[in-house]
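Asker: Read top to bottom, the protein sequences are chains L and G. Be aware that the first sequence starts at 66, since it is given in my numbering, and climbs by one per residue. Be aware that the second sequence starts at -14, since it is given in my numbering, and climbs by one per residue.
Simulated from the structure, these hints should not be mistaken for lab results. Positions of the beta carbon are idealized from the N, C-alpha and C atoms, including for glycine. Treat the hints loosely; a few may be bogus.
[What the hints assert, rightly or not] Quick list of simulated restraints, FRET-style, between CB atoms:
no.	chain 1	residue 1	chain 2	residue 2	range
1	L	Leu150	G	Lys250	47 to 57 Å
2	G	Pro122	L	Leu150	37 to 47 Å
3	G	Gly40	L	Leu319	47 to 57 Å
4	L	Leu395	G	His227	40 to 50 Å
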Amino acid sequence: MIPETLPAGVTDAVPANLRRRSRGTFASRGGPWVIGLSVLVSLLALLPIAYVIGVSLQTGWSTVVTLVFRPRVGELLVNTVLLVLLTIPLCVALGVTLAWLTERTNLPGRRWWSLLATAPLAVPAFVHSYAWVSLVPPIHGLFAGVLVSVIAYFPFLYLPVAATLRRLDPAIEDVAESMGLKPLAVFFRVVLPQLRLAICGGALLVGLHLLAEYGLYAMIRFDTFTTAIFDQFKSTFNGPAAHMLASVLALCCLAMLTAESAARGTARYARVGSGSAREQRIVCLRTSSTALGLALQGVTCLLALGVPLLTLGNWLIAGGSQVWDMAELLPALEQTLLFGVGGAALTTCAAIPIAWLSIRYPGRMQRVLESCNYITSSLPGIVVALALVTVTIHFARPIYQTTITVLLAYLLMFLPRALVSLRAGIAQAPVELENIARSLGRSPARALWLITLRLAAPGAAAGAALVFLAITNELTATLLLAPNGTRTLATGFWAMTSEIDYAAAAPYALLMIVLSLPLTGLLYHQSKKTAGR
Amino acid sequence: MIFRVPSFLKKALLASALVSAGHVYAADSVGIVVYNAQHESLTKAWVEGFTQETGIPVTLRNGDDTEMGNQIVQEGADSPADVFLTENSPAMVLVDNAGLFAPVDKATLEQVDAAYRPAHGKWIGIAARSTVFVYNPSKLPNADLPKSIMDLAAPAWKGRWGASPGGADFQAIVAAMLEQKGEAATLEWLKAMKTNFTAYRGNSSVLKAVNAGQIDSGVIYHYYSFVDQAKTGENSKNTALHYFKHKDPGAFVSISGGGVLASSKHKEQAQAFLKWITGQDGQAILKDGKSFEYAVGKNAQSNSKLMPLQQLDAPTVDASKLDSKKAVELMTQAGLL
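Next comes chain G alone, as it looks inside the complex (with noise of 0.2 Å):
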């Protein structure tokens, strides 16, 4: 019998056979796929240059802190991700709290700062970010300038700020806040933030407002409006930066982790790269590259535009106790999310 099929449709089913048996061969890739919450630009910075050296590939699924933490938790033991890198802490303690991480290599964790790394080992600061107070100077003169980000709450400061409160970064300050107020004064904080800000999708939409004069002021992590100026300038130029200093909850230096999933089948491989982006090429990256994030590493240099580390004042907070759950919900609670 002649089976005629029309042509369009042989096409269409060659071509999604194709797409599906195209998928079956890459998952059996040797290289190590990579859970990316860190800007996209930065880790593909480090993806190249690990490659380069190791002949290894890297597949990199982008995403959010908080979301992917919570993603490796549900997919268990079949996670496919080998590494996890995040921005911020808290996502990176969601998943050391469900037991999912392998011990970080002990040569590798020597190559960075105590300071920037939780003591047990089970994952590692692979740069850091500073909160600072973004402000356009034209609209806010230098002696209003808030003491504290507890001062955001205040009446005064109504419709006068901006934040992203959808992002990991404001949901990491909020969680540091936690553990250095407390809940009940994190709670209170977050309703006055609630009347007193203005809601933006991402910090850069912040600083972008901030420039344009839309609203005076926000609170942001520190290297947007260095990586704005470091290509045209046009959303920063208006813009000033403060820092709270004085182990402020707004002086908040925040961890980037980096950890190695127990039930990854490339281990080695997974190790490797954990090395190599605390190690000094991956860290030169972030004193060469655009990212303008801190260097962790022992005897790394930051980008000597920025304000040294240790001049920043940051509270102690140990990072790994922040609560990201608890953070989220005190932040849905408070009508924020």
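Bound-form chain L, shown alone (with noise of 0.2 Å):
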């Protein structure tokens, strides 16, 4: 299981106690708004999928014949799968060896390491790879792209892998010990499978990312799909080309999440027997082991956090006080708390109707209504992007280039990160104190209102939180749609870096690690209390 302050897209952190409630009062119980809202917000999510299939028709199959089945789009297709197959099994080796050193065993310091672990998060994908070409500026190609993707990203991998090993029942291990298996080969036969969902999840996330990244490989000089779509929006805006490497794109995110569903399988991971599974075990490293343990969580920390805060102090001491240039850099700051803020409001209080049918009426209708908010959360921002441009420039003139349609982007790709916090959030609010309130003549909506969401408001906070988080690091989505003369701390950042002004870059850089600084730590913990402790 995944923490659920994770936005994994396919988690299902509804007890099942809570499912088997009554199904056929849907309808009557449920009240209309409430299903019409999240109907609503479903078909919003949909759009960018029926732009997608819709430009693809429009476009003529011989037109897609040219555009798609040329050696270009093989090379970026191949460049993606080796990212893809590359830096996941690398994240999910680092991930896993790191959780298990600092959950499992005796290492000095790993409160600290497991900390150190995570922050690399705080990081911007796009700043990771600024610090490593300022460090090393002929690193290009795959490799830098598969090293730069691990470091910014196994930790989508080690927080939930950590929070599982954190809750495995140690009985298990023990009659696997018992009928005489080796403890390496415990670790592979028994505590391995029971980390499948946890690696499932994490890995799919992974992929996601690195579907849907744009600033670290157009840095660092790695074709992607993402890339080139934004090669081709640069010279055409919306051209026939861009739009066919977007549903191309789209294609490879949709069977991401297949495999990824066929890879959880159907095992049971949950204990069975009364009680509570007993404290872990904590294994005691040897000296050696212990000094590569620590060799590895160095290194790891080293590559993760002091190389990007190195060449960031390195730049902001060359640029002196010369480059905090107040003028612009506080209406960027501005900017991006506006949209960090009318954002993380607007995706939380559109999740809110979801997430509530999803823990009192689960069923079919609803598992589809969520499914297609986690399908386009899926989507690379270029694509959402590439859509609401189209879109609002044919259909909806009075919202286009206006924060009413870069909201609705990340309404659109975000959702999935409030849904999960806030179902958590309203499962553990009692459906007999709504009831009471019902008894006593409120009607359904203001009950919802009045006690569950006021009981709910830790996890709609937790996941506005990290849809804040989301926004303050978004960067095409806001390149596309931003309305005139706006400029965001991401978009300020890659204007200058553009220019290979990169002392000027540092300041927006720094702003964007502080803003996430506290989200981040607010994922740690949540993930330790995922696990109870």
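Both chains are sitting in their own frames, so use the hints and assemble them into the complex.
Answerer: If you want it as structure tokens, here you go:
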């Protein structure tokens, strides 16, 4: 199971006992307005998919063939597939090893190491890349792509794996050992299989980021579908070649979702029996293993935190007070905060009806509604933005180039982040309290508002925080959709690095990291809480 | 009934309401919107001077030439843009072919030399830049320098030169080659380029790579090197510039264009802006500022560090015929995009 805070597209955090409750009363008790709202949000989520299909149909088969089946698309496909196939196993290996070291051994300072393994999430991926190109200028291509991706994204695996390791029942391992298995065999045959869900979820998250990221790969000159779509956009605005690449990319994302859901399997992971699992046993490492473990933690930390912070510090010192151009920085900061807060509020509110339905009246219809949102959020920002630009320019001109469209893009991209946290929050609000409010004459909507939502507020806040974090570091959709004359920290950073003015870009990067830090702390805290410790 | 909302939610809702309100308010402002594909720093200097003198506020939307050209075409009659500024001509041609430009004021046209504006007067040159071959002398001795940009298609140049095919600059060079050499020869050259060259993102990155010795040479515009020299020189100190001259396609001088949109609701202010940047003060910013682009105003001087425009022996290309769409199509066909 993935910690609830992670926007893992496909986790199912609803406890089984809540799920069995009355299905027949869906419409009668859910209230038509809740259903109406969730259908509306889900239909909105389908917009980008409908756009991708619509454009492909409209373009005509022969054009599709010439634009899709050409050597360049083959090159991009090879690049993207290699990137995914190399990065994900490395992230899994690194994430699982680090998690095992911090959770199941007596490695000195393991609490600190655990915090340090989460911290790289506070550094936006394109800032990692910026640090590496300024440290090692010739770095480029597949090797660089894999290196920087592993460094930027391994915490997505570390967090769920560490949380699961903390919760495993040691009794199963005892049984395996009593049957004569060696410790290493116990790890591979008993522990690792139990980590399957965490690994699958984390790997999916890393994979989707690999497909969607633009800034990281643009800066180290590694061409993926996303960078190629961006190049086409810069040459043609929204020409057919960009649309076709976007369609292929969307197919890649769907393939990845399908692969993950097949890899999850149907095995049971909950423990059987009464009482609770006993405390984990801690493995005492030998001196040589301790040294190796410390070296691995140290090197990871150096690469994932040391490199970005040192280069950033260097540029800040080199730039001096000159680079702190407040007339540019303050509006960018203000804009980022406004987009972040506005987007987080809108997304959280939009998630309420769906989250509430999924807890109170789970069923087939609700699952369909929910999966619409998951599929869209797995699409790269560039695809969503391209869809919104095209749709608003032709059919919704009043909201074209307005903040509304930007917030809508954020809503479509980040809804599951709010949904997962909010759902956990609502699940913990007893339905009986809501029922009592109803019996005292409150309307369903009012009861939901007065009772359940107030109890679910911490969950909603966590979800909103995650959305805010995502918006702070969002680059591609913001670049395409931002209203005239607006600039966020991310797009400001990007404008500076595009002119190779690395010193002037440093303050933007620093501000983004500072904004992300408390929220990364929250993520860390939540993953600890999931384990009940 | 007491209807309490969690306070964080209240604040968030209030903030988002303010965002939207702020936007609606901004849309009604009196200033002009400039779709700017020129270097942001240059346009900012122009805007500062213009606003200081006239009091007319200017909002910038920054992007790339053909991106914004296509965007304006799709926006059509409802485009929020009042003025369009580019780095190269093809995007101006794109918008002009869609019939979206209002004629430039006569007085403004007369400020610029006839060679740097199309005869029909729908848009005007605001600055110019020259194609240049940048090389690292320690990697590429002077004797080995190519005579023509067309030579770079030869197998001997495999792995020895770089360019930024995704940028409007290089695409303008291709459009000029298309105009001079025709479609077949251009496509053949582009296919050879795909085999021979290394792709970078942005001319600055090409310059930086040549300077660091990662690649022997590159095709860029002239001013990147001068801009870097004026700063610290750290990305250009190991490089030298070679101008092809002799009316070679590689000696192409690209005209940066400016035009007023026919759909503009602030035409008077928009025309004033165009007049200002092509006038004495605007062109002086090209000479004295940090852009190192060529001035195109009558009697306007370019920066004295630059090789004079007249000595570049550029090919005569009708800027109003440059076809960006075809250029991008050919580049897509050659697998460069």
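Asker: For every hint, state whether the structure bears it out.
Answerer: Against the structure, the hints come out as follows:
1. Taken as a hint, the range 47 to 57 Å holds for the pair Leu150 (chain L) and Lys250 (chain G), whose Cβ atoms sit roughly 54 Å apart.
2. Between Pro122 (chain G) and Leu150 (chain L), the C-beta spacing of about 42 Å keeps the proposed range 37 to 47 Å intact.
3. Taking the beta carbon of each, Gly40 (chain G) and Leu319 (chain L) are about 54 Å apart, inside 47 to 57 Å as hinted.
4. In this structure the supplied range 40 to 50 Å holds for Leu395 (chain L) paired with His227 (chain G), their Cβ-Cβ distance being about 44 Å.
Hint check: no violations occur; every hint is consistent with the structure.
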